[in-house]
Structures are given as structure tokens and as C-alpha cells.
Amino acid sequence: MATGAGVLRLEEGPPAEPIHQSTRERDSATQRRTARVAQTLASPALGLAKISLTFGGVAALRDVDLEVARGEIRAVIGPNGAGKSSLLNIVSGLYRPDRGQVQFGEHSFDQVPTARLAAHGVARTFQNLALFKGLSVFDNVQMGLAHRVRAGFLRQIMGSPLARRIEEENRAAAKEVIGFLHLDDVQDCFAGTLPYGVQKRVELARALVARPKLLLLDEPFAGVTLAEKQELSQHVRNARDSLGATIVLIEHDIGIVMELSDRVAVLDYGRKIADGTPDQIRADPAVIDAYLGVAHEDDTELAV
Amino acid sequence: DEQFFPLQSYRVGPYAAGGTGFFGGFIDYLNLINIRDGGVNGVKVTWDEGETQYEVERGVEVYERLKSRPGTAAWNPLSVGIAYAMIDRITKDRVPLITINHGRTDSTDGRVFPYVFPLLLNPYSETSGMVNYLASREGGRDKLKGKKIVVLYHGSPYGKETIPIYKLLADKYGFSLEQIEVPHPGNEQQSQWLSIRRAKPDYVVLRGWGVMNPVALKTAQKVGFPADHIIGNVWSNSEEDVIPAGDAAKGYIAITTQASGAEYPVLQQVIKAVYGANKGNLDDKKRIGSVYHNLGIVNGILNVEAIRTAQAKFGKRTLTGDEVRWGFEHLQLDPARVEALGAKGLFHSINVTWDNHEGDGRVTFQQWDGSKWKVVSDWIAPDWAFLRPIIEKSSTAYAKEHGIKIRASGEDPVSQ
Amino acid sequence: MAHLARTKTGRPTAETLWIGIGIVVAYGVVPFAGSDYLLDAVLTPFLVLALAAVGLNVLTGYAGQVSLGSAAFLAVGAYAAYNLHLRVPGLPLLLDLVLAGGIAAAIGIVFGLPSLRLRGFYLAVSTLAAQFFVQWALTKFGWFSNDNPSGVIDAPVLRIGSVSFTTAAERYVFSLTIVVVLTLLTLLLLRSQSGRNFIAVRDHEIAAKVVGVPLLRTKLLAFGMSSFLIGVAGVLWAFAYLRTVEPAGFNLDRSFQILFIIIIGGLASLRGSFIGAAFIVVFPLLLSRIGAALLGRVFDSGVLEMSQHIVIGALIIVFLIAEPRGLIALWDRAWSAVRPARRPTIPT
Amino acid sequence: MSDVLLSVEGLAATYNHAIRAVNDVSLSVRRGEIVAVLGANGAGKSTTLQAVSALLPARRGQVAGGRIVFDGHDIASASPAKLVRAGIVPVLEGRHCFRSLTVEENLITGAIGRDAKSRVIRSDLDQVYELFPRLKDHRGSISGLTSGGEQQMTAIGRALMSRPRLLVLDEPSMGLAPLVVQGIFRALKQLNREQNLSILIAEQNSRVALRFSDHAVVLENGRSVLSGASDALRTHDDIKALYLGGSPQSDVGEKPRIHAVAGL
Amino acid sequence: MFDYQFLIEVLIGGLLSGVMYSLVAIGFVLIYKTSGVLNFAQGAMLLFAALTFVSLVERGTPFVAALAATLAIMIALGIAVERTVLRPLVNQPPITLFMATLGLSYVIEGAAQLLWGTQVHGLDIGISDTPFEVAGVLISRLDLFAAAVAGGLVALFALFFRYTRTGLSFRAVADDQFAALAVGLRLPRVWGAVWAVAGIVALVGGLLWGARLGVQFSLSLVVLKALPVLVLGGFDSIAGAIVGGLLVGAIEKLAEVYVGPFFGGGIEVWAAYVVALGFLLIRPSGLFGQKLVERV
Ligand SMILES: Nc1ncnc2c1ncn2[C@@H]1O[C@H](COP(=O)(O)OP(=O)(O)OP(=O)(O)O)[C@@H](O)[C@H]1O
Ligand SMILES: Nc1ncnc2c1ncn2[C@@H]1O[C@H](COP(=O)(O)OP(=O)(O)OP(=O)(O)O)[C@@H](O)[C@H]1O
Ligand SMILES: [Mg+2]
Ligand SMILES: [Mg+2]
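Residue numbers (the numbering used here), protein chains in the order written: chain X, 1 to 304; chain B, 1 to 416; chain Z, 1 to 348; chain U, 1 to 264; chain R, 1 to 296.
With the rest of the complex left out, here is chain X:
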């Protein structure tokens, strides 16, 4: 595929799992899927066990189990209010589940410490934009590396060699991501004044810049034009392929979901009602009833 060239290159050490750049055809992808699923049980990148969450009587999640294998693109879909975002919020420690455990690799948490999330290699985007409106696009992207800056403020002011080196590295990384995501033109603009779709892109850039091991995406393509959706989904795929990131994706554009993901979990009223490969999900009657409807392509039949 021609687009592969334009996406993040690998700079860091080898990814957790060997990647077969050459095998791009659909069958081999399926093979890979199965291989990953098999690996899941051995050491999931992310595991959720019996997660329950209620908000004053409303059960947002009930006994949800979810395992995400390393290097997998794992979609979570479901009707509005099914609990998808809540799930991500639990994974990023913003919500504390009533019951259940979250497992990153070998660490297991009742509540994930949000402050250490980035240091653990987890990055996320938000369903409703959560950019820093008063920072330029460049600085927003660079903020994705905030956790890397360890020098104290005095050393930052004085520009100690360490602080400078980190700053230079971060700038370079930000520049690179901005280049890949075609944000050069707007890199000096305040993020708050950009069109919605571009802001979404900036958020993705902010998440990607840290080269996360686990990337949580909450409706990253909402409000983005179709062509750009295709492009952005390439970037997501490449984040996995070149960086070895594990990705959890929430998205309502079912076409993209089916195209992009290795496995799909479906939530409805806080319960997981299905879990499997895209093809399995597409055919699952419960999912069709609850979520997809009859025409699951975008060509919604509007003539009633």
C-alpha cells in the first residue's frame, strides 16, 4: 500500500512483537489475528477483569471482561451510553470501578494511577476535544511528551544540558509527528481556533508523539472528512505496525472499525454482548439488533 511510507518510522528499540511489514494481504492479516488471539491469554497488554461501575443507580458497566493482546487493534463498539467511554476512563484511571481489576502487563490495579499513566506508556484521545486551547498546535503535540521531562524547573530555566537535550528530543519528535499528520501549516496556530476535524487530528498527534505502548482512542474520527478518515486510520494502523503499539479503539463509523480492527468487543447497557473478529461481529444478530441495524454499511437507506 502506497501510504505506508508516510507514516511514523520506527526509531526506538524493536517492538514487543515482530512485525511483518511485507505480509499485508488480507489472509495473512487474518492469520496474524488468530496468532494474537492465541497469545492473549499468555500476556495481555491490557486486561480488564469483572469491571463494574455505577453512577448513582445507573449501571454504566456490569461485569465486563476484556483482554487486549499486545500489538492488537481492539475495537469497542456499542450503542450510545453503552459504557465505552467509561471503560476507557477506567483504564486511564479517571473513574474508579466499583469492582474489578485493571491489568497492564504484570501490573494490576483497583484504580489506575492517572498521573503515572503516560510514564507506563499509555496515551489516549478524548471523545470531546480535550486540547490545550491556549497552546499552539506544536506545543500541544509536544505536551504529549510532558512526562518525559524530568529536569526541575530551575534546570529548565537555566537550560542545563539534560533539560536541553530532552527539550530538543521532544521538539524533534513533535516535529516529526506533525509532519506525518500534515499539521505543518497550522503548527503555530492556537489549537482552540482550528476547525473541529483538525483539532481531532491534533489530538491524535498528541497521543502518537509519545510512541505509546498502549493507545486508547475514543472516537478519533468523529467529525473528520471521509478521505481524512482513511488517512488517519492508516496512521493508527501504522502506530501498531511500526511502533508495536496496542490500540483500543472506540468508533461509530462501522466501516472503519471493521477495516481496522483485529477483534471487536460490543457493549450494550454496560454488558459485553459479543466479542470476536469483525466478521463474527458483523454477523452477530444480537449486535445487529442492538447496534448496527440492518444496513451496516454507511449507505443508510433513507427512503422510508
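Rather than coming from a laboratory, the hints here were simulated on the basis of the structure.
The structure presented is a predicted model; accordingly, all values stated were derived computationally and were not measured.
All residues carry an ideal CB built from backbone N, CA and C; glycine is no exception.
Hints should not be assumed to be uniformly reliable.
[What the hints assert, rightly or not] With a Cα cut of at most 30 angstroms, we get these calculated DSSO-like pairs of lysine-lysine: (1) U:Lys136 with R:Lys291; (2) B:Lys393 with Z:Lys140; (3) X:Lys175 with X:Lys133; (4) Z:Lys140 with B:Lys148; (5) U:Lys240 with U:Lys136; (6) R:Lys291 with X:Lys133.
[Claimed, not checked] Have a look at the derived ranges for each label pair, beta carbon to beta carbon: (7) B:Asp1 with Z:Ile290: 25 to 33 angstroms; (8) U:Asp74 with Z:Val318: 27 to 35 angstroms; (9) Z:Leu94 with X:Ala49: 54 to 62 angstroms; (10) R:Ala80 with U:Asp74: 23 to 31 angstroms; (11) Z:Val318 with U:Asp137: 46 to 54 angstroms; (12) X:Arg164 with Z:Phe32: 36 to 44 angstroms; (13) U:Gln62 with X:Glu259: 41 to 49 angstroms; (14) R:Glu133 with B:Gly139: 26 to 34 angstroms; (15) R:Ala80 with Z:Ala337: 31 to 39 angstroms.
[Stated by the list, open to error] Output of the computed footprint for chain X on chain Z, the stretches with three or more beta carbons under 8 angstroms from beta carbons of chain X: (16) 187–201; (17) 211–223.
Chains B, Z, U and R with the ligands: place on chain X using the hints.
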């Protein structure tokens, strides 16, 4: 020839009532001198106002702006804060600073503060005068023994300045003393007055400021404390302090250095010559003869007489700041001279010397009858002999801290 | 400090040039050409208030924590420097300055702790606790003012080594130097990761937390840094400008004045702090001069002052309506009409 | 009476008197017509729609040129409240629910705008709940805490409560589940047919938008560069390539350009 | 032996002063509720109202006529503020509006003093501030009257906000001004009305406080007493204003009387703030304040 008075006035803000009265009186008197006498021995007096809103830095700004005007006679800020900020500056620039009825107590010591004049009354003298008045009301100083006095003071440096001197006097005369603070601005005094009610004192001394005064009187009424046992100090003695309290102020007594009322000849002349010529400074003619206005008039008299005194020595011309200082240091107005000035009964007398910059003013007490003040005591002298050593202790400490050489005579402070 | 003068692309900007010219004029021309009045009563307070505003801007403009207690930290700085000077013989002035700032910073951090829980006006009103507590303590405990019966402190002579700053021009240069150095340091801080963290916390706290911004540290750094700068400004206020101060000089009005400066000048803009300070110091003076010149014969100073009050209040509203982002944005807009538009970088 | 309900001619708009967001946009909506506005991110769709609803001043934006005529009246200087009463009701990009109000209270505010009686409000509420059963379950929830899609439903429902004549929708399908999107479009179509509701809609989901609408306008860089019947546009090659994702070879690395279309 | 009688006296005194604070706090709450902004001009409005009234009375206007005239002026002021300040600043961040109200307070203070002078006036509203004794505790008539007025206002506003649609639109406006415009709420009307009502509340507060302090510049400082009330009760809660007021009054007085002596007194100024602060750490939006709604 002209003699110039820079005025750091305040006609806006929380203390505007005092500022308009005082500076109004001062300007009225200067106007009188120009209109009636054509100036001081022919030297016209001029002035320029700079609004400070009682804020120190605005006072300083006005100082810096007006200080280089020729023929500056003296500064009269009527603000402790501004006065403090000016002490170094006026000493350097060698112009007298008049802090009538207020300012640093220890600046009474002219040996250390050659250019500062807390004329008529410093806080310690005021305190002593208060206690002497209470003694006279009880029938003698020995009768104070066993009495209970509460001092209700404003929670500011001004309010707290007299804490130690009250303690000394309590020890000396054997009355029991409780000093209670009212936090600035003093618009709520419920708890203080409940404590007072519980303490059941014989007298409450009110060392208040601005809105604190009427609230004190009102709250006293609320807890049933009689107004005629509340004695106000020199910043709690104006019409502005009692009028808002309405009925609650009836019977309230306060100290003053200058009686209120417009019946004194000098005020009559002001009304005729100045207000008659439509040059009066007060918008509201009813305020002529009010406490602050009369303080301004007295302040005008003292300033003008100091110039006159200095002119007698240096000639009838525009004087330098140092020459005016000399005038203040020799300002002697005995009751006869006060009468000649048309101010008999308005204030008693003053005798400033090179080392006593207060000039031993006497105080009197006035009672509010619901519509005006009535003098209810003689002119009472504070216990100057008792106070002087205390003042000197403080001033010599100041001199030491600041490396000031203590003057040994009334000669030019700089040439020594 | 070489990296200050460069933008991301490494070229000096027009802005840097202008700042450079400004500094040259401030040092090379003003002290010689300015009258004592200009130096002592206009420029020095302007500089000091600008520094205080820079301090508050770090906290409120950049880190988004509204504080109404700035005057308290001015007071802490002033009284701390006074006491250090008094009680530690031989303490060099510059060290005294830094320590006083440090004490203000420490107290600022203590009063900044509630910011971890409180937002918006709740936090703002809570900072009033600092305002009232500090003022009360300074009045209450005579020790702070060396038992001066009036709570007033007198400034020592400004002396660094054998150089002493006594004339108006010298004190101005002293203040200018401190203000310039601290402003530049602040600029460096704001351009570093810490500066970005401030804005991130202001704009979206949750997102900031997720990307690994240490919230506690960032907020307390903002409080500390801000109080440090304001504290040093307090020292200058007491030592270089007024030279004697009383606690009442650091009242709520002063806090509002500083808040005023940064909002009128422009939040999250250091240049705005200076423009705002100039406005707040110079404009009333100008207005009262003009008023006195034109109408002084007709009205007394009280009427003029009140009218000025109204004019200033109305102007503030007018400016806010014209440009809620402050005078600096107005200025930039006017400027970009003359010159081709510049892309925004980190606002300074 | 003309059958054009809304016409926008040569609209130009700026932000802060400086940034030009829209240069020259013209479009018109006939009575009972559905018009879609298409365009890349930043083309100026939201700005145009906000100009129509007189909402630009609140974002420090200004209409710098052109005319907006609704029902025969120039509405350049009308207040948003007046427009809502006249029947132009916007659904804003980014939801903009009243965060601390409950879902039901949010819906009711839509009816306050047109000073409705409580009985009417009740029945309108029921209709909205019928359209969005999910909202009924959450009627008492604080809307700021509900899920993204629920907020979107609330925003649309709130607009319907105003009984619009011209509904101005900015990306209504954003964040909604496919079934719900279908449901909404169906319902709107029904309102359109039964009550002659006119609709102006900006939508990224161009396939749906083109199917749903009668007419479409394409914006690029703040200009309307193409317009026509939706059916025709659907088969238009460039539109296909850029908005329907049908093009096989387009290099996604390039930003989409539409100059070819503009040249047509 | 502990003096319980005195404790009760202090407590009651505190509660009654607290009611006076509530009177001022209500004005803040009203405006906060509809624009999310702390209206710093409330103090100036208080001063302006009282000064206008007292000046009219002193110029010989009958009591009732003066009251009506002042009322009309305050309503006009509210409407004018909406026109000139709020409308152009719609959808701006709260801090900008806050600053605008500060500018406004300059204008109002200046205008009040320019118009009516800087003199101090006494104000007699016909209710004497004299005490009567109930079981050994002195209670002032004015305090009781103030309590009744405050209670009445609170009840009125609480009912209004709960049961009318206007109340709902107020809350909507405070939440999101942009969305409020979009649904067709008439912001000018809402704000005009609220500022007018706040003006009336300022008049009531100004008269009662003026009767106690005298009508003078310091009247504008009573707002400082209302601020801890607001944080304690919640900025947007009418009921909070009264409960907060009572609490602040009681805390202040008890602290001053029983804790103050250890510090040498005068702790009233900050005691309320410190207690309010401690309290806020547990409930960051006050007793009854709307919790911050925030999710991602
Ligand atoms: N508040 C604002 N201040 C300054 N510029 C703005 C503002 N809002 C929008 N713009 C600019 O106006 C242009 C048009 O933006 P608009 O939001 O109308 O685009 P859009 O077509 O709706 O995009 P999207 O599909 O992403 O929503 C963009 O370049 C944007 O940066
Ligand atoms: N902080 C919260 N407080 C109260 N209720 C909440 C909170 N967060 C989520 N909920 C409720 O939990 C349920 C699940 O919400 P969530 O946001 O997870 O849904 P979702 O699957 O992401 O939906 P959508 O696709 O619409 O975004 C919803 O009914 C919502 O109202
Ligand atoms: Mg969601
Ligand atoms: Mg848009």
C-alpha cells in the same frame, strides 16, 4: 512674593469626609489671609491640591510632583501613612512636615526629628489627657483606683499605638484595663461589645476610625451600654462619626484640641470674607465650624503664624523650608495671642520649641447632644513630664537605629 | 541565556529586537533624561507593579489559578526583606532579596494548597484568606516591624558591595535591573516545559494529568514562582519606591490593582503585564493632570477625582469589550494591520 | 410569497475582525427542502451555519459581507432569540448542552425559547423521547455527565422542541451509533415530508448527507464552489473521489484538493 | 465555671449579624446564577442605592416617594448595565466579566459620590436599633427585622427558581451562554431582569446596613463580609446564602470571643475565611453549591 502650600488632600474614598473638612478649613483660612490681609505681611499664600485618596503611594507621587515648587512652606498630609513615607524625604529636602494631632509620637522630640511637627497633640498626650479627664470626672486621680476601663481600638497600627501607654497609666493610677481590638474597617462589632458588656467597665475609650465609630455607638446601644460613658479619641470626635449613629450617639463624649462651632471671630471672618466672596471651599455650608473644618482652620492658623514668626527673623519675603522650620520651632501662641487671632475658645495655646515639636497643646472634651457638640470640660493638660522620658527613650532608639545625630541646640540641624 | 533570543527556528525575532531596544533606552537614556519625578513617582512604581503583575500572570494568566491575595505576598516580601536585613547583620542585599522572595514563595505554596481541590471563584475567594491573614499578622505582631508602634518599616540604604543606590535615578536602575532579570528568567520558565504545563493545567486539567503533567507540582510551582516574583516586587516597593511602608499599604485594593493590570494588559502575556502596569500607573496621573489643567479652575479636586474614577472604570469596560484578551491583543491587532500577520507562538 | 426560505448571498465572515473564515458563500434553501453543506475540515461550514443563526458575534465573529435573507427579511441584524422565534433553530457543533441541567430540563429550555405552554411542552417531550428512547431513560441525569452520543441526542431533541421551520444542523451524526443515525435521519425526513420542515445540514458523513438531502453545496476554503441536486452530485466523479471515499488511488498523504471541481 | 448564658448571647448575636451578611450575599448569588460571574459591583450598588435614597430623603422627598424613586433608579441601572456591559461581553470567560464588574464598581462609586457628595449621612428607616431582652439575651429590633427581610427574600427567590421556567432559563444561561443564545433564550431580558433585581436587593441591603453604619463610602466594604458566606453556602445557592450567612456570623463571633484572646484579638477578619476554606476542602463547591460538572 509667594509662600506655597502643597496639599496632599483626599476628597474621595473612605476618608473623604475628613479630608474635605480638614483641607476645606485649611484652604478657607489661607483664603482669609489673602483676602483680608493680602497675605502674610504681604507675602501671598498659594496652594495646589493633589488627590491621594489617603493612599501612601499617591501621597508620595504628589510629593514628588510638587516638591520642587518654589517657596514651599510646609507639608500637611493629615495621614499617618503618607507622613511616615515622607519623613526621610522632607528631611533630605529640608521642608517641615506638619502632622497636627497625629503622626509619630516620638517625632515630638525635635532633637531627633528636626523637620517633623506633631503639633498640638501626639497620641501619648492624647492618652494622658483622656485619663486625666476621666480622673476629673471621678473627682481626682486617686479615684481611678479600682475603676475599669476598656479601650476599644481600631485594628491598625494607628489603633495599636497607644497600647503600651495605657498600660503604663493603668499601672500608675491603679485602674484595671482591657484593650479590645476591632478589625478593620470595623463595620461589625457584635462580639467586641458583648465582651464589653460582660466586662462591665466604667468607661469605654473609643480609639476608632471612620465607620468604626458610628458602629461602635450603635452596637453599644444594642448591648445597652450608656453613650455618656464612651469617650472618643481625637479621630473619633467629628460630626461624621456621630451623625450616622443617630440617637445612639446622644450623650457620647470625645476629646478635642479645637472646639467646634462657628461662633469664634475667626470663623465669622471666614464666613464673611471667604464665603461671602464665594470662595469658600466647603460645598455644604452647614459644615462650617464642624470638627474637621475647625481643625483645618487651626492648622491654617498655626502654619501662617509659623511663617509670620519666621518672617520676623528672616524678613518679609518668601522663606525657605528651613526658615519656616525655624518659625515652627519658635511658634509661641499664648492665650492672649490666640484671642487676638480671633480663636479664643477655639483652641487653647501652643508653645513649640526646638526640642518639643508638639508644643504642649491642651485638650477639651465635648459631648454630642444629638445635633451638635457641646464643650463639657475645661482645657485639660496632659501629663507632659511623665510622658517626655518615654518619648525620648523611643526617639533616641530611633536615632541610634538610623544613625541620626541628636541635636544639642535649636541651630540649623544640618550644619551641626 | 542565549537560547532566549531565538525562536524555534533559531532566528532572532522582531520582538526580541524591540525588547532589546527598549532595554537599551531604559538604561541608556531614561536615567539621564528623566526628571526625579518621572523616575521616582512614575517609572519606579511602574516597574515594581509590572514585576508583580508578571508574577500574578504566571499564576492566573498561565496556570489559570485566580488569586485575589497578591498584596499579601508583596507584604511578605517587604517585611521579610526588612527583617532579614535587620536581624542578619551583613546579609548582602541581593541575597536578602532572593531570600525574601523565597519566603514569599513558601507562604504562597502553603496558600496554594487549596488549589488542588478548588476551582474558579471558590479558589479566588479562598486566596482572600491569605490577604487578610497576612495583613492581620503583620499588624498584630510587633516583631515583624521591629516593634515600631505604627507597624511601619523603613528601608535600609540599597547597597551592593560598595555601590549604593540613593538617588532617584540610581534606585530606578536598581529596580530596572531586578525587573529585567526576573522577567527574562520568567520568560525562560514559561518557554520551558513547565510553562507549557501551566497552560495545559489551565486549559484542560484532566488531559494534562493524562499526558503526565504532575498537577500538584505544577500548581505549587505556579504559586511558588508567582509569590516569589510578587515577593521581590514587594521588596522593591518597600526599599526602592516608597522606602517606608505600613501593612495597610498592602490591602485588598492593591491586590485588585495587580489583577487589573494583568487582565487589562492581557492574561498570559508578559508584555501585557508591562502595558497594563503602564496603563494603571500612568493613565490616572495623566488623566488627573489633564483634568486639573482643563477643569481645575471650575471644579475642586474631589469632583475631578470622581470623574476620573468614572472615566477609568468606563475605559476598563470599553477596553474589555473591544478586546477581552487585553490591551496587548489590541496592540497586536493594530500592529498586524500595519505589518504582515505573525503566527502566534507561545504567547509572552 | 417566494418559495425560497433562506438565501445566503456572497457571505463573508471574519473572526476578531482579522481572521477571514468565509469569503464568498452562496446557497439557498427552498421551503420544505433539505440542503446539505459539504466541505473539508476548515472549509467554513460551521461558520456559515453560525452566521445564518446570528451566532457569530458571541464568538467574536462578524459577518463582513453578503446578505442573509430568511422568509423575505434581511436578518443581518436580528438577534439569535428573534431568529429562533422566527423558526431558525440551530444544533451546534460540539453539542453545547447545558451541562448542569438534567436532560429533560435541557429539552424544556428548547421550548422556553418559543414561550410554549406546559401542555404543549409535555407532548413535544413525548415525541422527542419517542425518537430517542435512550433520553427517556436518562431524563433525570445531569446532561454534562451523560455519554457523548446522549448529549448529541439531547442537543438535537432540544432543537426539535423549538418547533423549527428551518433546522440548522451542524454535524448531527457525530458520535451517534449507526442505528441512531438512521433513526434521526428517518425522523427528520418524516418531519420534512409531513410538516414541511426545511433543513440546512453540514455533515461529514457525505454519503448519508447526499442521500438524505435534495440539494448540496460544496465549500472549499470559505467559498461555495459547487452546488447542485444531491442525486447528481452523488454520481459526480470528483465528489465521489473526495467525499464518498470511492477513489482507488488517491494518495492520502496529500491533503484533499478540490480545484478540479472548482474548475468545472 | 463556663458562662453558658454568654455563649448563647454570642451565638445569637453572631447568627443575627450573619443574617445581615446574607442580605448582601443574596445579591451576589442572583448574578452568579445567571452569568457565572462574581459581581464585584454589588458593594458599589449597595452604596449607590443607599446614598440615593438618603439624599432624596434629606432633600425633603417623602419616605415612600424616595423609596419608589430609588427603586426605579436601581431598575434602570440594572437595565443599563445589561445594555452597555453584559451584552457586548456575551460568551466571554468569567474572569473578563469579573473585571468588567470591577470597572463598573468604579463607575458606580464615582457617580454616586459625584452626584450626592462624600458626606456621611445618618439613615433612619423607622426601625430602631434598640434591644429588648428575651431570657437575659438582648436582641435588637433592627436585627430581627433584617432577619425577617432576608428570610422573605430567600423564600421568594427560592420558590421562584424552583417553580418557574424563568428560573430554569437563568440556570441555562449561567451554564452555557452560547447554547442559551442558540435555543433562543433572551439573554438581554434575563440579565436585565436579574441585574434589576440585584439592584433591588442592593437597595434593601443598603438601607439596612446604612441604618447601622450610616450611609458612607464604607458601605461598599460590607461585600467583604459576604464573600465567605458565598463560598460556604455555594455561589449559586440562594438557600446557601442564608445558611452560609448564619454560619459565618456564628463562627466569626465565637472565634473572636473564644479563640481571639489567644492571638490578641481581631481574628474575625480571617477566621471566617479559614473556616470556609477548611470546609471547602471537603466540599469544593460549598454547602449547597452546584457541583462542578466535568467529564471526558
Ligand atoms: N473562534 C474562531 N477564531 C478564529 N478563527 C476561527 C474561529 N472559529 C473558526 N475559525 C477559523 O475559521 C475557519 C473555518 O472554520 P469552520 O469551523 O467554519 O470550519 P468547518 O468547515 O466547520 O470545519 P469542520 O468540518 O472541521 O467543523 C477555519 O480556518 C478556522 O480556523
Ligand atoms: N461521570 C458520570 N456521572 C454519571 N453518569 C455517567 C458518568 N459517566 C458516564 N455516565 C453514564 O454512564 C453511561 C455510559 O456512558 P459512556 O460515556 O461510557 O457511554 P459511551 O458508550 O461512551 O456512549 P457514546 O457512544 O454515546 O459516547 C451513560 O448512561 C452515562 O450517562
Ligand atoms: Mg463515549
Ligand atoms: Mg464545523
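Hint check, failures only: The structure conflicts with hint 5 only, although it agrees with all the remaining ones.
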